[in-house]
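Visitor: Generate the whole structure from the sequences, applying the supplied hints.
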Amino acid sequence: MSIITRLGVKNTREIARISSLTSSFATQSEPPSPVAPDEFRVLKLRPDPVQERQKREIRRTEVPPPRSTQMKFDQDWGSVWPAARSFHPATVPLPVRQGYPLKNAAPPNKYGNAELMKIPNFLHLTPPVVTKQCEALKKFCTPWPAGLETDEKCEKHFPVEVLTSDYCYSSPTIREPLARVVTIRLKLSTLNLDQHARDKLLRLVGDRYNPEDDLLTITSDRCPTRKQNFEYIEYLLTALYHESWRTEPWEAEKSEADMEYYDWDKSKSRDGLITLYCWPEPPIDNDYETIPHATEYKIAVSDLINNGEDEYSLNKYKEAVKNMLFLEGQEKK
Amino acid sequence: MALIVSLRNALPGLEKACIQRQIHVTPVAAKVVAGRYRVTTKRDRPLTYEMANPPHYIAHRKGWNSWNTSNMTDGNRPAETLLEDVFIRRFVTGTWHSLFVSEVIIKRQHNIIRIAGIIRRGIATRKMYFLIGYTEELLSYWLQCPIKLELQTVDDRKDVIFKYI
Numbered sequence: 000m001s002i003i004t005r006l007g008v009k010n011t012r013e014i015a016r017i018s019s020l021t022s023s024f025a026t027q028s029e030p031p032s033p034v035a036p037d038e039f040r041v042l043k044l045r046p047d048p049v050q051e052r053q054k055r056e057i058r059r060t061e062v063p064p065p066r067s068t069q070m071k072f073d074q075d076w077g078s079v080w081p082a083a084r085s086f087h088p089a090t091v092p093l094p095v096r097q098g099y100p101l102k103n104a105a106p107p108n109k110y111g112n113a114e115l116m117k118i119p120n121f122l123h124l125t126p127p128v129v130t131k132q133c134e135a136l137k138k139f140c141t142p143w144p145a146g147l148e149t150d151e152k153c154e155k156h157f158p159v160e161v162l163t164s165d166y167c168y169s170s171p172t173i174r175e176p177l178a179r180v181v182t183i184r185l186k187l188s189t190l191n192l193d194q195h196a197r198d199k200l201l202r203l204v205g206d207r208y209n210p211e212d213d214l215l216t217i218t219s220d221r222c223p224t225r226k227q228n229f230e231y232i233e234y235l236l237t238a239l240y241h242e243s244w245r246t247e248p249w250e251a252e253k254s255e256a257d258m259e260y261y262d263w264d265k266s267k268s269r270d271g272l273i274t275l276y277c278w279p280e281p282p283i284d285n286d287y288e289t290i291p292h293a294t295e296y297k298i299a300v301s302d303l304i305n306n307g308e309d310e311y312s313l314n315k316y317k318e319a320v321k322n323m324l325f326l327e328g329q330e331k332k
Numbered sequence: 000m001a002l003i004v005s006l007r008n009a010l011p012g013l014e015k016a017c018i019q020r021q022i023h024v025t026p027v028a029a030k031v032v033a034g035r036y037r038v039t040t041k042r043d044r045p046l047t048y049e050m051a052n053p054p055h056y057i058a059h060r061k062g063w064n065s066w067n068t069s070n071m072t073d074g075n076r077p078a079e080t081l082l083e084d085v086f087i088r089r090f091v092t093g094t095w096h097s098l099f100v101s102e103v104i105i106k107r108q109h110n111i112i113r114i115a116g117i118i119r120r121g122i123a124t125r126k127m128y129f130l131i132g133y134t135e136e137l138l139s140y141w142l143q144c145p146i147k148l149e150l151q152t153v154d155d156r157k158d159v160i161f162k163y164i
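If you read the sequences in order, they're chains L and W.
Reminder that position 123 of the first sequence reads as 122 in numbering that gives the first Met the number 0, one-by-one numbering, no gaps.
Reminder that position 56 of the second sequence reads as 55 in numbering that gives the first Met the number 0, one-by-one numbering, no gaps.
Since the hints were made in silico from the structure, they are not lab data.
For clarity, every value in this text was computed on a predicted model and none was experimentally measured.
From the three backbone atoms N, C-alpha and C, an ideal C-beta is built for every residue, glycine too.
Each hint should be verified, as a subset may be incorrect.
[Said to hold, decoys possible] Derived CB-CB ranges, DEER-like:
1) Cys153/L <-> Tyr56/W: 49 to 57 Å
2) Thr130/L <-> Val38/W: 17 to 25 Å
3) Arg156/W <-> Asn120/L: 20 to 28 Å
4) Gln227/L <-> Ile57/W: 38 to 46 Å
5) Pro145/W <-> Asn120/L: 17 to 25 Å
6) Pro145/W <-> Gln50/L: 53 to 61 Å
7) Val129/L <-> Ala78/W: 31 to 39 Å
[What the hints assert, rightly or not] Below, in silico cross-link-like pairs of lysine-lysine (DSSO-like), each with a Cα-Cα straight-line distance of 30 Å or less:
8) Lys152/L <-> Lys137/L
9) Lys102/L <-> Lys41/W
10) Lys157/W <-> Lys54/L
Guide: Right, here's the structure in full:
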């Protein structure tokens, strides 16, 4: 046995000399033998029991207790939570819970709760903070102009209302194509118009005029910037006003069929009434004021034709005709 | 020659087989599986609150993971926002490797992007601070807007487990 061992050691020495050349390529170098160089190595048929490697110690960093446990009750919350921020359980001293609970369980608490981090919070906008910020902003404010205390006064001095929209987006771009749209609104009664000008203006603006609240609305989005749109609208309003005051020669050709409403003063009904009143002489002038009950008749006829026939207007017309022709008086006699 | 003859004999049969062959159709398995987890026999699959509620509970039991105005009517750059969110998620999960125990929540306000989430305390505090700065710096360089990382730490992965199925 010992012979074999000796031979083996000799051989391995020889081999070791050669293998030292290739040792640089070896992945695992042989462990140095614990035997002294002049001693024989001992063949261990049964290897030593493997020493248990010490488990690597997991170093846990010391986590201090939540900040909320050390907070004083009269602290300045605005300096704890100064700006918009996701919820953090260690900073908020409230026992909040959120989440749909399991059966017979409470909703998940605030620690490790992602739902609380998702929802936007207003912890940075508590009423005292808002008051404080308003106080800080006050020095940049200017007093409200004198003489504009009520809405009526504002409307009187600034009849034109300009409407534009600004957009806030959650994206890095500040450009918004819809911000270029400009709308102006004004009451038509604030413009200095006579009957012809008003009529012409209404024909020009079409459905931009709302007869219910007397508002004229003009919108422009044809130019690329807001300033250009506003200037274009200013031009439009000026052009509309002056165009409606101008009387073109072809406007005299307007006949009764072109009228947008029934005008008794220009109607055949008026001529007929005057002719009838002056019968058998031909009418001298067009004055209908001298005819008794003529004004009542005029209003009744205009209402009947302008507003359509219904029981009320028909009755009114009947009464007016009876009054004018003294039919009622004859009946009485 | 013999081959051609044999082919000629075989061709009509082949043609017939081709015409008669029909498409084999199985019934459509229209089963909704996205965002749903199967119950294990041992009932030991851990689920966070987010995982425990399938997608149809969004806005009922759980919130969205991306908060922005791009998907509203006439919102601008929806596609870019989505792609940026995907990129942020990938970058954050890779940078904080195996540390995030919740979803990455991305909230946008004006040009600020706030990234929130829950991480476990698996690395040293100094490394964590480094990673926060690294993530904020690189993302804000790529996306050209301020980025804020708002993290919450938990001791262990088990702290965010809602239930086991």
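Visitor: Please go over all the hints and tell whether each is borne out by the structure.
Guide: Against the structure, the hints come out as follows:
1. Cys153/L <-> Tyr56/W: 49 to 57 Å: 50 Å, holds
2. Thr130/L <-> Val38/W: 17 to 25 Å: For valine 38/W against threonine 130/L, whose Cβ atoms are near 54 Å apart, the range 17 to 25 Å is violated.
3. Arg156/W <-> Asn120/L: 20 to 28 Å: 26 Å Cβ-Cβ, so the 20 to 28 Å window holds.
4. Gln227/L <-> Ile57/W: 38 to 46 Å: Holds, since glutamine 227/L and isoleucine 57/W (Cβ atoms, about 44 Å apart) stay within the stated range.
5. Pro145/W <-> Asn120/L: 17 to 25 Å: 19 Å, holds
6. Pro145/W <-> Gln50/L: 53 to 61 Å: For proline 145/W and glutamine 50/L the Cβ distance comes to about 55 Å; the hint holds.
7. Val129/L <-> Ala78/W: 31 to 39 Å: For alanine 78/W against valine 129/L, whose Cβ atoms are near 37 Å apart, the range 31 to 39 Å holds.
8. Lys152/L <-> Lys137/L: 25 Å, holds
9. Lys102/L <-> Lys41/W: 20 Å, holds
10. Lys157/W <-> Lys54/L: With Cα atoms ~22 Å apart, lysine 157/W and lysine 54/L stay inside 30 Å; holds.
The structure fails hint 2 only (numbered hints given earlier).
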